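In terms of mature numbering (1 follows the signal peptide of the UniProt record, and there is no 0), the sequence shown is residues -21 to -1, 1 to 169.
Among the hints, erroneous ones may be present.
[Said to hold, decoys possible] As a list, the in silico BS3-like pairs of lysine-lysine whose alpha-carbon atoms are at most 30 Å apart: (1) K168 with K89; (2) K89 with K106; (3) K22 with K138.
The set of hints was computed from the structure by calculation and includes no laboratory data.
Just so you know, these numbers come straight off a predicted model, no measurement behind them.
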Amino acid sequence: MKKLLAACTAVLLSATGAAGAQELPQYESTGTIELAIDGKQAKYHSTSNTVPGQPGRLVHTANWRTFPPMMLGGINMAPKGIMLSITARPTVEPDPSAPQLKITFSLDEKDYSLLDATPFEVIYTIKEGRQAGDYQHASGTLEIESATLEGDVLHVVGKAKGALAPAKNKNGSGPTLNYEANFNVRAPKH
């Protein structure tokens, strides 16, 4: 009887395990960011993942969008151009303790050049340790080396570099982190 119960349990667990494995999201890298923070190098990944129970649906950590005109008192309040947002981490699979890098900027809709009138944003989040917290771009530059639209996917290669300051300090005071982020990312339309 014990052997029969053990055999039934094993069959049930293996069947449940196979079904459960199909329900887990599948992750893949959609781009890389070669990141150096105060001289320490790491490779970060933008990713896409499947959604269990929703065949064909993918969630992307890098995407772009345009905004329709939003008029207020005769003034268009919508952001100009193509807004691109890239969120990356050092692992393809999620890791809640891993740091995260987010870069957001806008490109011209016609030639995909960087829109200088729209400031770019870089936020680096450290989740553990004495430096834990959000660091935001305090000074530096962003350059776009190339940007091409392939269907609904924007392929962007560029570089951001400068200094990151603790976000909790409103005036950017406090210790800074020097950074350089070379990115090569494919971002679908949101």
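Here's how the hints hold up against the structure:
1. K168 with K89: Holds - the C-alpha atoms of K89 and K168 are around 16 Å apart, at most 30 Å.
2. K89 with K106: 39 Å, violated
3. K22 with K138: 14 Å, holds
Going through the hint list in order, the structure does not satisfy hint 2, though it satisfies all others.
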